[in-house]
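Protein chains in written order, with numbering that gives the first Met the number 0: chain A, 0 to 344; chain B, 0 to 344.
Hints in this document: simulated from the structure, not taken from any laboratory.
Predicted, not measured: the structure shown is a model, and the values here were computed from it.
Be a bit skeptical, because a hint or two may be false.
Given that identical chains are not distinguished, each listed pair holds provided it fits within a single copy or across any two copies.
Capping the alpha-carbon separation at 27 angstroms, the derived lysine-lysine pairs in DSS-like fashion look like this [stated by the list, open to error]:
#1 K210 to K198
#2 K215 to K198
#3 K270 to K299
#4 K288 to K326
2 protein chains.
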Amino acid sequence: MYGRGCFDQLDEIISPHRVGNQPMIFLVDHFFKNKSLIDRVPVRGLDKIVFADVTHEPKTSQVDAITKELKDEFGLISGIVGIGGGSTMDLAKAISLIMTNPGPSSDYQGWDLVKFPGIYKVGIPTLSGTGAEVSRTCVLTGPTKKLGMNSDFTPFDQIILDPELTANAPVNQRFYTGMDCYIHCIESLTGTYLNEFSKSYGEKALQLCRKVFVEKNKWDSECDDLLMMASYAGGMSIAYSQVGVAHAVSYGLSYLLGTKHGIGNCIVFDKLEEFYPEGVAEFKYMVEKNNIEIPQHITKGLTDQQFDTMINVSLGMKPLWENAVGKDWEKKITREKLRALYERL
Amino acid sequence: MYGRGCFDQLDEIISPHRVGNQPMIFLVDHFFKNKSLIDRVPVRGLDKIVFADVTHEPKTSQVDAITKELKDEFGLISGIVGIGGGSTMDLAKAISLIMTNPGPSSDYQGWDLVKFPGIYKVGIPTLSGTGAEVSRTCVLTGPTKKLGMNSDFTPFDQIILDPELTANAPVNQRFYTGMDCYIHCIESLTGTYLNEFSKSYGEKALQLCRKVFVEKNKWDSECDDLLMMASYAGGMSIAYSQVGVAHAVSYGLSYLLGTKHGIGNCIVFDKLEEFYPEGVAEFKYMVEKNNIEIPQHITKGLTDQQFDTMINVSLGMKPLWENAVGKDWEKKITREKLRALYERL
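Here chain A stands alone, though its shape is the one from the complex:
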């Protein structure tokens, strides 16, 4: 469902999915604590609003803890509604799956490891760009890796795209998250994995990002409309394509330093002129035009061991490197080359 104000149809939409007395859980980004959006959440009966602390990237331990609390308190629940940015989307998807799949969530980090459908889950993004509202994964940092639970059971049963909800996002955050969309489009459209489905969606998402960050001179409600569609189309484009160097390198930053995904991608992409010359030039133009600062020197003073950790995480993202550089990527992307790149960040 897409449209301004359609959040108000949430009560009607989830109503047929309520099972007896079992509550509906609203997992809401803690950014909205004490904000007026909370009064519009259709809480009924045993329903509960749980605030998600998304200061850091979602962790498997966080998924397991929230799921345990819900099981202890309610036994069974009717469903979970995630309201927030990409981290909240991913947490909601993961909790839905761990409600019905036994064991810790880290067991399912990978591809097609999830065995059973999760409970009914709804995604309502309040920040546009990650595409987490439509993706087949939920990225989690676990004890040994940062990797999503990629499965046919991972996508939401319902998404509600109401551009009004993104109107008051912090300016920097909005830019970083919007750039996540831009960057993954550049990565997928220039990559070696692609078909016309993903190409069509990727081109559209890129065009919408450009309208917002290149053509527009002032943020207005149309920007919210456009960027929400960009995020959706960008997420759809991932179905048959793959991201590339910026994602592979920024996963290392996130794993070691907890750098959030959007800003991490910006920090890395800013230095990738070798791989994506036109994209990086346009990115720099958008950064300047939108008066945004990209953090510099964030790896200064790290130890050799810490650089090694990041390099290991990054080199583990094989499909991303193959997509970006080709089948013989291992010859081209040496540890030394990656170390030099990380030192520039």
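Guided by the hints, dock chain B onto chain A, whose structure is given.
Showing chain B alone in chain A's frame:
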């Protein structure tokens, strides 16, 4: 699912939806009788291939007859897989619904009249353009009207988009059906009902149509890829938009003369320079470039009563007229004006 050759995954896709001994029904466009595609249909157990006679536009009586035959022969069935053009898609959707909703299908021509979900249904288009593979309707000619069963239960549970299946479509047919997509994009993008969701999809579909019919000089496999995505995107764009004058007028032709939807839209759009000056100019260019003939004088010799019938059907399409001409459309679209337009066709 989208991809060259993905038709071969049909067996695997439908397998979890088989219920006990109940057969899967493959409703296949009669165009494929004795063609090699039939050997690739994964028939198992009691499964049956039913050829759909789509010489004329689908009728409610045809839906009721096929449904009755299936009920008489099998009682219950696991699901229905439609393989063909827009007519076959619409028949498959309608049969799925009438398997579980009592009474003749004409009872459900309208908006949100369907009460129960249909049986499991899969759409596999072999001709691109109508968007019937994703739409929320299935257009049927009934005893009193030509109107779809528009409902949340109407869309397919699964669609399989394999551009290889469209490779051998007859050239004229392919053009007319492709133009159905082009025309409904022009109608929706210039209309008064629209939001960014439908606009994004409509713009993309239009761009893909132009690549195929304006930019390309020869039909190749890329054209099949592009037009299949155009059809899908065009169908998605209808979610929050509406078609316009060409559809409203061509429904009258179909109702009276049985003119098929794609060619009917072309016959009408060819004369709509008053409403869509740029679109009609580009359409005429594509007709010429692709060496297609648009039938002329098809209403010659009709009686006053026959013209009145077409005018009545057309004026009944209120949302289409309102979208195209505005809320005061009834003042502008008089019976005389419509009569003059029908006489030019």
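Results of checking the hints against the structure:
1. In this assembly of identical chains, the alpha carbons of K210 and K198 lie at most 27 angstroms apart whether taken from the same copy (18 angstroms) or from different copies (14 angstroms).
2. When the C-alpha separation of K215 and K198 is checked against a cutoff of 27 angstroms, the pair qualifies both within a copy, at 24 angstroms, and between copies, at 18 angstroms.
3. Taking identical chains as interchangeable, the C-alpha atoms of K270 and K299 lie at most 27 angstroms apart only when both belong to the same chain, with a minimum of 15 angstroms there against 69 angstroms between chains.
4. Taking the shortest alpha-carbon separations for K288 and K326, neither the intra-copy value of 37 angstroms nor the inter-copy value of 41 angstroms comes in at or below 27 angstroms.
Violated hints amount to a single one, hint 4; each of the other numbered hints is respected by the structure.
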